[in-house]
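Sequences listed follow chains A and B, in order.
According to the numbering used here, the residues represented by the first sequence are 1 to 93, in order.
According to the numbering used here, the residues represented by the second sequence are 94 to 673, in order.
Be careful, since some hints might not be right.
To be verified - Quick list of in silico lysine to aspartate or glutamate cross-link-like pairs, DMTMM-like style, CA-CA up to 25 angstroms: (1) LYS535(B) with ASP78(A); (2) LYS664(B) with ASP120(B); (3) LYS597(B) with ASP78(A); (4) LYS408(B) with ASP78(A); (5) LYS373(B) with ASP463(B); (6) LYS535(B) with ASP81(A); (7) LYS535(B) with GLU34(A); (8) LYS70(A) with ASP137(B); (9) LYS597(B) with ASP214(B); (10) LYS664(B) with ASP214(B).
To be clear, the hints were calculated from the coordinates, so they are not data collected in a lab.
For clarity, every value in this text was computed on a predicted model and none was experimentally measured.
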Amino acid sequence: MKSPVFRFLRELLSRLHDSHREDAVALTQVEMQELENIFALLVLGSFVGLPAPPSFLAVELLPFMERELKIMSRRAEDAGDMLAEMCGTLGID
Amino acid sequence: MTTLIILIGLAVYVVLYFTYGKKLERDVVVATDTNETPSSRLYDGVDYIPARKEVLFGHHFSSIAGAAPIIGPALAMAWGWLPGLLWVWFGNVFIGAVHDYLALVASVRYDGRSIQFVASDLMGKRTGTAFYWLVFFLLVLVVAAFGAVLGGMFVKTPAIASAYLWSIGAALILGVLMYRVKMNFTAATLIGIVMLIASIILGVEFPIQATYETWMYVMFFYIIIAASIPVNVLLQPRDYLNSFLLYAGLILGLAAAVFAFRGFEVPVFSAFAPVVAGGKATPFWPAIPLIIACGSLSGFHSLVASGTTSKQLAKESDALFIGYGSMFTEGFLSTIVVVACAGFGYTALQNAAAAKGVEFTLTAANWATDFTPVSGKLGLSAVNLFVQSYADMVNATWLAIIPTIYVKVVAGMWVAAFAMTTLDTTNRLARYCISEMALPLKGTSEGLYNFLTNRWVASVIPAFIGIYLAYSKNFTILWPSFGAANQLIASIALMTGACYVHSKLKSRFCNIAVIPAWLLWVTVTAALVWFMAVVLPGNIAKAPAQGWTVMAISVIMLIMNFIFITDFVRKYRQEMGSSE
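Let the hints inform the model, and build the full structure from the sequences given.
See below:
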């Protein structure tokens with residue numbers, strides 16, 4: 001039989017576990033974002049005039065890049081506003 | 094008394110969370126779940142993701158909790174235990190938590206943008222740019238103050254230094270297990286915890302003895318290397334391990350404080366102006382926010398709140414729990430520090446004197462003048478006093494089954510881990526600040542711009558200035574200057590919050606934000622002027638180069654401070670004019 005106390009404790013532990021899991025991956029996400037940026041830059045390079053793979057490859061890959069494009073354009077908007085994000089990810093004090 | 098204060102502290106926080114906090118939520122920011130938050134409105138599965146509130150609380154709290162809420166209250170024992178405790182509680186409830194909460198809410202309502210973006214938008218571009226300068230100086234002073242803390246602690250208790258180095262090894266192995274071998278998460282975590290315990294044991298068994306100067310060199314190279322390698326190699330697994338240390342330290346401390354049943358040894362109140370900063374009489378007002386920084390309020394929290402946290406907030410109603418609640422938890426951590434030092438600090442000092450074979454003359458009568466110098470001479474200033482008192486507090490309860498040296502190393506590792514994390518993350522942030530600050534040079538002096546923004550140069554600059562300042566061993570100068578920079582950022586962030594509440598929300602209760610913003614600004618400005626006029630000249634006489642560096646930084650910060658208030662008042666007047 002599961003008492004409410006037991007349920008509460010189980011819930012508490014699972015939330016703690018989730019919280020730790022978040023801690024474990026938070027910074028790796030930043031690393032992944034950087035890699036994504038580089039990938040997008042490589043694929044979409046021809047648009048910004050950087051040395052890049054052949055344009056046909058870029059065009060062929062473009063439909064798969066819709067989500068990345070949206071994210072990239074938002075990031076470009078936020079690019080001058082990174083300090084807080086870095087503080088949030090790295091933590092200090 | 095220890096138990097009583099802990100329980101009163103708990104009651105104060107719970108009651109004020111549900112009264113004052115809820116009032117803020119209801120009447121000032123008017124939080125409503127009908128407003129969609131950026132995490133769902135701008136959902137992209139990468140930056141903007143709604144997170145469960147407990148998860149986000151854990152993430153936010155581990156980002157804002159560090160070594161500073163431990164060091165400040167221990168230093169403030171010079172006033173006696175009550176003034177420091179009252180400032181922690183008062184500052185926490187009415188200023189610090191309001192500041193964190195408003196920064197979070199303002200950022201959420203600005204699509205998850207940072208507080209300096211909100212500040213630029215509300216108060217003018219100049220304020221936003223000045224923010225970077227202030228943050229950069231804060232980072233340099235963080236390296237200096239925390240470097241001095243760590244150096245002092247490693248010399249005093251070599252086991253902590255050794256345990257800490259072993260734990261770096263543990264973190265590197267955990268990083269490989271988690272991200273290279275891709276081991277099961279729970280299994281890797283368990284191995285990580287076992288390695289963490291092993292590193293504490295190894296630290297106790299094989300302490301590393303070195304001089305203060307040697308540790309400064311070690312730190313200088315460590316922070317440059319740690320800031321330059323990919324985050325998943327060292328930073329990520331180490332922070333993950335540290336979070337266990339934080340919760341273990343908090344739970345152990347709470348349990349010990351509740352069951353210690355001990356009277357306070359430290360006087361309730363010593364004097365209005367005891368000797369604290371730079372060997373000078375330090376008046377409680379305005380100097381207290383320079384000494385107790387993050388325990389009661391901290392400007393850095395606004396950056397964390399408006400950085401990753403605001404992009405993951407699922408509902409506006411979660412913001413109080415996360416922004417306001419995390420700050421309360423940090424204040425509670427400082428309360429534990431006060432209880433440990435007040436209950437066990439005097440005996441710790443007495444024992445240290447006996448161990449050194451020196452006469453112990455500290456009494457309640459000469460506490461104001463002698464506490465800081467005596468604790469410094471006995472090697473038990475600030476963090477060392479906390480480490481010893483914490484270990485004694487745990488030892489005074491049924492938790493005494495854990496040998497004292499292990500508790501001491503755990504407490505020391507707790508502080509060291511956070512201080513070290515701060516040191517290398519500081520360098521990453523400073524690198525970013527330098528690139529932003531050097532931007533105007535791009536058009537005029539391309540070569541200098543490229544030199545300054547070079548990955549290694551930008552890493553070395555803050556590390557070098559910081560460690561150079563720490564080399565002077567002048568902790569009681571460096572700590573207040575770090576406090577001043579941090580509180581200045583808090584005062585701008587709070588003004589931004591006040592401006593937001595006043596101009597965007599038109600709240601009737603906007604004074605809840607405007608009054609603390611003014612109170613903080615006046616206090617920090619007065620404290621900075623006092624610090625420059627009274628404390629720094631003495632320091633300049635002792636160590637001219639380092640003294641002048643701190644003076645130059647303080648002057649620039651003071652100028653920034655007046656820029657901010659001018660912008661704030663101008664904006665406030667404009668709003669008043671338009672609303673009439």
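Going down the list of hints, with the structure as the test:
{"no.": "1", "hint": "LYS535(B) with ASP78(A)", "result": "20 angstroms, holds"}
{"no.": "2", "hint": "LYS664(B) with ASP120(B)", "result": "22 angstroms, holds"}
{"no.": "3", "hint": "LYS597(B) with ASP78(A)", "result": "22 angstroms, holds"}
{"no.": "4", "hint": "LYS408(B) with ASP78(A)", "result": "22 angstroms, holds"}
{"no.": "5", "hint": "LYS373(B) with ASP463(B)", "result": "11 angstroms, holds"}
{"no.": "6", "hint": "LYS535(B) with ASP81(A)", "result": "18 angstroms, holds"}
{"no.": "7", "hint": "LYS535(B) with GLU34(A)", "result": "24 angstroms, holds"}
{"no.": "8", "hint": "LYS70(A) with ASP137(B)", "result": "8 angstroms, holds"}
{"no.": "9", "hint": "LYS597(B) with ASP214(B)", "result": "12 angstroms, holds"}
{"no.": "10", "hint": "LYS664(B) with ASP214(B)", "result": "11 angstroms, holds"}
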